[in-house]
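There are 2 protein chains.
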Amino acid sequence: MIVARTRGPVRIVGTGLLGASIGLALRALGVDVILADVSPSAVRLAIDYGAGRAAAADDRPKLIVVCVPPDLVASIVAAELSAYPDALVTDVASVKLGPLSELRELGADVSRYVGSHPMAGRERGGAVSARADLFVGRPWVIANHDDIADRRSADSVIEALALDLGAVPVELDAAEHDRSVALVSHVPQVISSLLAARLSDASTSAVELAGQGLRDTTRIASSEPELWVQILGANAGPVVDILHRYRDDLDRVIAALDEPAAPGARRAVAETIADGNAGAARIPGKHGQAKHFAQLIIMVPDKPGELARLLTEIGDAGVNMEDLRLEHSPGAQVGFAEISVIPEAEERLLAELQVRGWKIAGAFA
Amino acid sequence: MIVARTRGPVRIVGTGLLGASIGLALRALGVDVILADVSPSAVRLAIDYGAGRAAAADDRPKLIVVCVPPDLVASIVAAELSAYPDALVTDVASVKLGPLSELRELGADVSRYVGSHPMAGRERGGAVSARADLFVGRPWVIANHDDIADRRSADSVIEALALDLGAVPVELDAAEHDRSVALVSHVPQVISSLLAARLSDASTSAVELAGQGLRDTTRIASSEPELWVQILGANAGPVVDILHRYRDDLDRVIAALDEPAAPGARRAVAETIADGNAGAARIPGKHGQAKHFAQLIIMVPDKPGELARLLTEIGDAGVNMEDLRLEHSPGAQVGFAEISVIPEAEERLLAELQVRGWKIAGAFA
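Residue numbers (my numbering), protein chains in the order written: chain A, 8 to 372; chain B, 8 to 372.
The calculated lysine to aspartate or glutamate pairs, modelled on EDC-like cross-linking and capped at a C-alpha distance of 16 Å, are:
(1) B/366 - B/354
(2) B/310 - A/329
(3) B/366 - B/309
(4) B/366 - B/320
(5) B/366 - B/334
(6) A/69 - A/166
(7) A/366 - A/313
(8) A/310 - B/323
(9) B/310 - B/334
(10) B/310 - A/330
(11) B/69 - B/157
(12) B/366 - B/353
(13) B/366 - B/345
(14) A/310 - B/330
(15) B/310 - A/323
Simulated from the structure, these hints should not be mistaken for laboratory data.
Next up, chain A with everything else stripped away, as it sits in the complex (with noise of 0.2 Å):
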């Protein structure tokens, strides 16, 4: 049995699909974990699913995490740090700065207060939706302060809660991370939702020409409104700040459109494809490799099982499949595999599945 590294108890304020997949995470390697929610229901629910027990009035709690909605993260931690004088708490929202300050300003003892961020990817669901394994290989981020009494003992207790529920620990102060995941969350939040927001009146005929690239572009933009309210009011200097430089490149790109035949348009277009290009690079693939793989795209039949044949087969060839992207044609019956490989393995794989019957609708180096 894997021994917690966490000491309990563990008392988690609110229930829903982070705070239910910690308490189920925690429990599974024997912790002792509270659980408790503005809604009855909610906790009831909760412990039916095994997240934990509910609270008692002599508990003990070594760790507070609070999982709440952005919009109520410092008054509930202010409450919970006042009820227990003992605990370090932590919490899981997206936003770290904000908090922060307004937990100072309501005069909480932010000396035993660390934030948290587990990029768990999603925010829908509740405690039904609730797994042990959500933050399995997720980035963790600790957001450090000044004003922690024991910054040492409080890191050790925030990634010792990390590492049992298989995350990984990163840390970043509260300013740093606000800024880090506005770039990388919070603005293409924005910018997804406002180019799939000029769909909305287009006519059927455009949408219908809709490909991939549109597909991926817009994927972000179903998210809930209640919730990026909240993340991006929380977060709204960082945000601005980055969505004023985007708006100073998008007013060069739309000065350049505007008189496409005056000198320097063709070269503000060229300039601003190449800096996405070199943007685009510094994201880190699979494993944190920049990625430099060949492509091949198969057609797949759209029966079941065709496409597990494919990826059998391609085991069977001995390649390891880097990555794999289906693309969906509209109208038709028929799906495409995207799949990426090591450049070396590329000749190889494209003659053994055109041995095996595949059709190869495009291979790139």
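Position chain B against the provided structure of chain A, taking the given hints into account.
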């Protein structure tokens, strides 16, 4: 043997990826294909690949397909119309109104010109990457205009070509085509490039937090600057119309986030996200349906064959997978497969996968 609908000879001008792929597909159907390119070595290469034969002095092509970069389309089409007064001429450029206007200015006989736009997804490669299957299942826009002499006959020739290549013919007039692709392809390219450009001077710790949302939103930002300068320049009007409206929306979000506590600010942000929801819902999913699937997120150990095993076991469970996305977790030797299934199949698949030992990191209806 499949009989070609297309009657040759077909002359292809420009033997890059698209031209050579059209040649390969037509040759496979036994059509006489003549290849021409400004570069003699490009023609010889395409002939070596089996995409057609060299031109001869007495060629009398019935159909000419111009497959050159957007900037050159009008001048080459005009030259072909004049050199072959009995032939119907089409092209494959991703912009349709500009070349048509240029042809009229050049005094070309546009009564024998019908534009095409095969939405084949990729525009990189050259003859070396050409595939007879490149167009299978992809929309092939036939761009009509008022000066075509025998529109029914012209359309049927282009439709036959599209069908011979396995593509799905879609008729649109040139202006409507250009507005449509501005919306679903050209503007998303600009937006994605501008977003990715913001990463070029970002801190390493920030880009290391990048998740799937940023990866998807910036995937097309890796496109070629040279090609996009031509496309955006040629379709500047429709693109900039949309960008102006996009900037108005962006300004509203910026104003709201500049003063997030002001009356109406939260509402403006909520409406931005909600408008994005509405737009994203209009994009056709698999087989043109709107997306109403349940999602399971399954942990996949990063070992060869694991994903193939997962898909095989999903097939064994008798569940048809509607979509599949892979997510990589920076720094972790594990990935996640997001499987979409019809909602009725979700619970059963969840149970089957858990019995077989798969870890489920999320389940969403």
